[in-house]
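Visitor: Okay, here's what each chain looks like letter by letter:
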Amino acid sequence: MREELLSIIEKNSRIDLKELAVRLGKEEIDVVNELQKLEDERVICGYHTLVNWEKTSIEKVTALIEVKVTPQRGKGFDRIASRIYNYPEVRDVYLISGGFDLLVTLEEKSLKDIAMFVSEKLSTLDSIISTGTHFILKKYKDHGTIIDEHIREEREVIS
Amino acid sequence: MSVPLNETVKNLKPSGIRKFFDLVSEMKDAISLGVGEPDFDTPWHIRDEGIYALEQGKTFYTSNAGLKELREEISNYEKRTQGIEYNPLSEVLVTVGGSEAIDIGLRAMINPGDEVIIPQPAYVSYYPCALLTGAKPVIINLKAENEFRLTAEELLNAITPKTKVLILPFPNNPTGAIMEREDLEKIAKICIEKDIYVMSDEIYGALTYKGKHVSIASLEGMKDRTILINGFSKSYAMTGWRLGYACGPSDIIKQMTKIHQFAIMCAPTTSQYAAIEALRNGDDDVRLMRGAYNQRRRFLMNAFKEMNLECFEPYGAFYVFPSIKEFGMTSEEFATKFLEKERVAAVPGSAFGESGEGFLRISYAYSIENLKEAMTRLARFVGKLRGIKG
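Chains as they are written, first to last, in this note's numbering: chain Z, 1 to 159; chain R, 1 to 390.
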């Protein structure tokens, strides 16, 4: 049931437990236990909500920052990664193959805040060689969800 | 002079589904559980292949029987799913949906006066298509207590010396019934003994929820007397592409190809290119959609259980077929009232034959949110009816 359960709650973590059990054809208690196990094993790392902030009056700016670093002896990229991801304003940190090493996403109230973070916090860390900042202008699709998609019924009636 | 009209056509009754949905289209806020087509979009990689074919200017006729590459993929598909080997050059015909294959298959096999056995409840086109060939349709009324499967006894009772073809529509629309290997073996034995040909409509073959679908054509001695019909509409969510196929003995396929050639020329070229992609790389899409349908199926069965509505557990297609006999009204009355009072549209079972009377076809090719709301309304409706009766 693991794969099917995960694929359902990945799309809808607010689903009612009873409904979840029915859809999986399992007992509710077994589903609860499995969820607990998945949480304990950190397979499930959290339950989040996808918010389209653009529709609110709250200003948010998101940036993708390419970071080149010098890996440290014995620690590789892990140490510098942790120094970056511990900043609360950092949303994601990925180790990346290709032209640079770490991809950092950052969410702030304004362009200025992001510029400050990059110049004052990120660039000044030891072992950072260079950074390249890209601002997100519009989100079309996020976490597998098309942001502006409307539910539609296009099927016409046939015999 | 009066308008020239063919008597057989004139006397055909229009589809009962259509009649019902003309009502629905007038209501804006109605929830429909009536449509018999997937709610999923065609998977993007398949659409993309169609677009690419257009970009490349592949806009000509294909050979009458369909692109050779596609027929080869169809042959591979039937081999890997059913273990049946069809020669792509002589035993496979690409058609405009499974429905064309039903029509021309019957036309290729039937002479006026031949009998065609049609188990019902069933999809609405078999009966008129049989009539149009001059055949005498012989109906078998399938029973709920057999989970709407066709039994050997029922078949034997329907056979006469004039019987030529048995239509075998499983997984079934509208009941969701399936026929498993043991069920089919009994039917196959009779067909061989009585020298009857089978038209096996397996359009929902990829959508079964209790083991894999078994084609009667895969049983010993049956490949030579079965026209297997399948298509892309239901399994790959490709209804609008209008693409299906027939596999069978070359003698019959050859005659079907003649009718197809004169009436249709060839199936849509763009769709054929897209279908090649579907067969090559679409297994995973089918698996995911089947998984989603199965969740909805379980959800509905549980909802019926909670409202004490009798329904056998269907293991195929995307329909459930609950009984509404306890309410003492016809399925058309029930469906009409349900629509009026609760604004939910489901198709009366009687639209699929006499034996569908007393049942309701509910399609679960709808989002779970839709189904949830519809079941809340059904529970309320059923509760009120019982209140009146009690």
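Hints listed in this document are in silico derivations from the structure and should not be mistaken for laboratory results. Take these hints with a grain of salt, some might be off.
[Stated by the list, open to error] Cross-link-like lysine-lysine pairs, in silico, DSBU-like; alpha carbons within 35 Å at most:
#, chain 1, residue 1, chain 2, residue 2
1, R, K325, Z, K18
2, R, K28, R, K341
3, Z, K112, Z, K60
4, R, K28, Z, K55
5, R, K372, R, K337
6, Z, K26, R, K68
7, R, K186, R, K384
8, R, K28, Z, K139
9, R, K372, Z, K18
10, Z, K18, R, K68
11, Z, K141, Z, K55
12, Z, K18, R, K254
13, Z, K11, R, K212
14, Z, K37, R, K372
15, R, K58, Z, K18
16, R, K28, Z, K11
17, R, K325, R, K341
18, Z, K11, R, K372
19, R, K79, R, K254
20, R, K79, R, K68
21, Z, K26, R, K186
22, R, K372, Z, K138
23, Z, K18, R, K186
24, Z, K141, R, K223
25, Z, K26, R, K341
26, Z, K37, R, K384
27, Z, K18, R, K79
28, R, K58, Z, K26
29, Z, K141, R, K58
30, Z, K26, R, K254
Values in this document were obtained by computation on a predicted structure and should not be read as measured data.
Visitor: Each hint: holds or not?
Guide: So, going through the hints one by one against the coordinates:
1. Distance check on the hinted pair: K325 (chain R) and K18 (chain Z) sit about 29 Å apart at the alpha-carbon level, within 35 Å; holds.
2. Between K28 (chain R) and K341 (chain R) the alpha-carbon distance is near 14 Å, which keeps this suggested pair within the 35 Å criterion.
3. Between the alpha carbons of K112 (chain Z) and K60 (chain Z) the distance comes to roughly 12 Å, so the proposed pair stays at or under 35 Å and holds.
4. Among the hinted pairs, K28 (chain R) with K55 (chain Z) is consistent with the structure: their alpha-carbon atoms are about 28 Å apart, no more than 35 Å.
5. A distance of roughly 20 Å separates the Cα atoms of K372 (chain R) and K337 (chain R); the hinted pair therefore holds under the 35 Å criterion.
6. Proposed proximity of K26 (chain Z) and K68 (chain R) is contradicted: the alpha carbons are some 46 Å apart, above 35 Å.
7. Pair hint K186 (chain R) plus K384 (chain R) does not hold up; C-alpha atoms about 44 Å apart against a cutoff of 35 Å.
8. Restraint check for K28 (chain R) and K139 (chain Z): the C-alpha separation of about 33 Å stays at or below 35 Å, so the hint holds.
9. A threshold of 35 Å between alpha carbons decides the hint, and for K372 (chain R) with K18 (chain Z) the separation of about 13 Å falls inside it, so the pair holds.
10. In summary, the hint linking K18 (chain Z) to K68 (chain R) is not supported, as the alpha carbons are separated by about 50 Å, beyond the 35 Å threshold.
11. Distance hint between K141 (chain Z) and K55 (chain Z) is fulfilled; the C-alpha atoms sit about 15 Å from each other, no more than 35 Å.
12. About 54 Å separates the Cα atoms of K18 (chain Z) and K254 (chain R), which puts this hinted pair outside 35 Å; it is violated.
13. Note on K11 (chain Z) and K212 (chain R): the hinted pairing holds, with a Cα-Cα distance of about 28 Å set against a maximum of 35 Å.
14. Distance check on the hinted pair: K37 (chain Z) and K372 (chain R) sit about 29 Å apart at the alpha-carbon level, within 35 Å; holds.
15. Of the supplied pair hints, the one linking K58 (chain R) and K18 (chain Z) is violated, its CA atoms being roughly 51 Å apart against a limit of 35 Å.
16. A C-alpha spacing of about 29 Å is found between K28 (chain R) and K11 (chain Z), which places the hinted pair at or below 35 Å, so the restraint holds.
17. Distance hint between K325 (chain R) and K341 (chain R) is fulfilled; the C-alpha atoms sit about 19 Å from each other, no more than 35 Å.
18. For the suggested pair K11 (chain Z) and K372 (chain R), the alpha carbons sit about 17 Å apart, so the restraint of at most 35 Å is met.
19. About 21 Å separates the Cα atoms of K79 (chain R) and K254 (chain R), which keeps this hinted pair within 35 Å; it holds.
20. Annotation: proposed proximity of K79 (chain R) to K68 (chain R) holds, straight-line Cα distance about 16 Å (limit 35 Å).
21. Between K26 (chain Z) and K186 (chain R) the CA atoms are separated by roughly 34 Å; this keeps the pair inside 35 Å, and the hint holds.
22. Distance restraint check for K372 (chain R) and K138 (chain Z): the Cα-Cα separation of roughly 34 Å lies within the 35 Å cut-off, and the hinted pair is therefore satisfied.
23. Taking the CA atoms of K18 (chain Z) and K186 (chain R), the gap is near 41 Å; set against the 35 Å cutoff, the hint is violated.
24. About 48 Å separates the Cα atoms of K141 (chain Z) and K223 (chain R), which puts this hinted pair outside 35 Å; it is violated.
25. Simply put, K26 (chain Z) and K341 (chain R) have alpha-carbon atoms about 34 Å apart, close enough for the 35 Å limit, and the pair holds.
26. Taken as a hint, the K37 (chain Z) and K384 (chain R) pair is broken in the structure, with Cα atoms around 43 Å apart against an allowance of 35 Å.
27. Straight-line distance between C-alpha atoms of K18 (chain Z) and K79 (chain R) comes to about 41 Å, which puts the hinted pair past the 35 Å bound.
28. Restraint check for K58 (chain R) and K26 (chain Z): not satisfied, since their Cα atoms lie roughly 49 Å apart, outside the 35 Å limit.
29. Distance check on the hinted pair: K141 (chain Z) and K58 (chain R) sit about 32 Å apart at the alpha-carbon level, within 35 Å; holds.
30. Distance hint between K26 (chain Z) and K254 (chain R) is unfulfilled; the C-alpha atoms sit about 50 Å from each other, more than 35 Å.
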